[in-house]
Amino acid sequence: MTGLAAKAAAALERSILPSVIARGGALRVVAVEDGVATMEVTGSPGAVLPLATRIEAQVRAAVPEITAVRITAPGRQPPPGEAGSLAEQARHILDTEVNPAIAAHHGHVALEGVDHGLVRIRLEGGCQGCSLAEVTVRQGIEPLLRARMPGLAGVADVTDHEAGTQPFFTAEKR
Amino acid sequence: MSETGANPAAEPPPVLLLIPARTYRATDFLTAAGRMGLDLVVGSDGALPLGGHPVVHVSPGDVDGSVGRILACGKRFSAVVAADTPMLVLAAMVAERMGLPHNPVQAVSAAADKAEQRRLWAAAPVAQPAFRIVPAGASEDSLRRAAEQAGFPCVVKAVSLSASQGILRADRPDAVVAAARRIQRVLAAAGRPADEPLLVEEYVPGPELSIDGLLTSGGLTVTALFDKPCAPGGPTFEETVLTTPSRLPGPVQAEAIATAGRAARALGLTHGPIHAELRIGQRDGRPWPVMLELAARSIGGLCSRTLRFADGRSLEELVLANALGRPVPRPRAARPAGVLMIPVPRRGILRAVEGRSDATAIPGITGMTITIPAGQRVQPLPDGDRYLGFIFAKGGTCDDVEKSLGTAHAQLRIVIE
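Line order of the protein sequences matches chains A and B. Each residue of the first sequence is one higher than the one before, starting from 0 at the first, in numbering that gives the first Met the number 0. Each residue of the second sequence is one higher than the one before, starting from 0 at the first, in numbering that gives the first Met the number 0.
In short, the hints are calculated from the structure, not lab data. One or more hints might be untrue.
Unchecked claim - Below, a list of computed lysine to any residue pairs in the SDA-like style, where the Cα atoms sit at most 20 Å apart: (1) K74(B) with S84(A); (2) K74(B) with P142(A); (3) K227(B) with A409(B).
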């Protein structure tokens, strides 16, 4: 374990790990590369994922060199190789990296299709109609897919957000 | 250098955009940042980190902790922008710590407090209605006395709420007491501190308008003047229709702009967007623009979608450019446009907004967005804080725009149980 990974593990130990364990889960730091700490969930993912925001905040506050935290589930397969189609790659990333995280907000992202390098996604549950849906797509899903899929032209959100009935956040005029 | 002030050969400037969870403004700011090719980092109290670009967890309720987490990123930002009101103080504090152009934190806080605004404008002085600030625990006699001093009819206001929430007109002494008690219940429901005072001010009849602009070193560049042709006379004060450009006489517009500029300076604001609301009263037989309120942000809701500037740029692009120290273009003569904020007609569970196809088929209507999902509990002003949605229109004249918006609204059947 590198020095940064050890610092991140220590920060976890003294801050949020007790809460995770009390909820029936566990979390370990796998690696820190380019400022991104990768952590693996064991036990119940539901014990960890709702705490994802707090975990990242506390680790980043304790270890300023860490700029992002990525939480993965056990048994996750490595990203598909170039042999896989764009659709397969996108679906794999959504299923293994996006959906476990946004489940914390009762959300889900489905792949609608891939045309000419453009990935079309549909947001469901807490993401449909959420006032932060655009943030999730533009600052989360799209950069993640772009980083993993060099052939990607872009991401289109085809959700009918007005039809959402359970948005996690609704807008208020201030 | 391009016409926008950006250098196409340079690295994209890193910008911190602070987005509160419950805002209408996220999409428009993100779209603007994308068009400008900015290296964007989002700070939010609601967004989840998903890899790729980081999301910094911030909270308006924990400003010091939030500043610490932002600084801990180690990223040197070229600008810090708050997308909406709850993030304004945090944005000012971060910009101050990073040595970026910003409004003084005290000025931003003053702009969020209607009582403090009135005090500072009285000291400046800036034209405004007569007013009294009444402590939370004031007796009924004190309330009646304050209203008599402000003059009847008067308006009773919560000092910390916005979007016309917690505002009631009162025409008689007993109505002032009833209005105050009702507003205190609204404040309690909104989780405001029990010791928050109330503002009792003179009701100023006359046309109402809003002014949006950008401050640079204290100098104001106006980006839009909106008339509010359906400005209500009370008892509640829904903002419904906004049309631009203003139909008020040029000298009245000029005096209103000058008043808004003085009001911003009196609060200590020097940099970034402002949204000012004024009424045009009468004094000595002449139009007399008076300040109602001023916020250190751009226009709220989705209303900015009525505006387009040179090269098709949005108001949010101008706000971001201003934060980056780029020049703000003078607004060009634009085609008349407007927006209708659909008010909540009564309390209950929203079941449906029917007639939308008929509404959008009205000539001049350019779009409609319903922003409250079916199944949610809704309540009208002064208790509620949300509109059902927004209808947008363009036309040959502002009269055409106003007519299109009204006709489209009339097509809607809002089902609330």
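Comparing the hints with the structure gives:
In summary, the hint linking K74(B) to S84(A) is not supported, as the alpha carbons are separated by about 36 Å, beyond the 20 Å threshold. For a cut-off of 20 Å, the pair hint linking K74(B) to P142(A) stands: about 18 Å separates their Cα positions. Taken as a hint, the K227(B) and A409(B) pair is honoured in the structure, with Cα atoms around 18 Å apart against an allowance of 20 Å.
In the structure shown, a violation is registered for the earlier hint numbered 1 alone.
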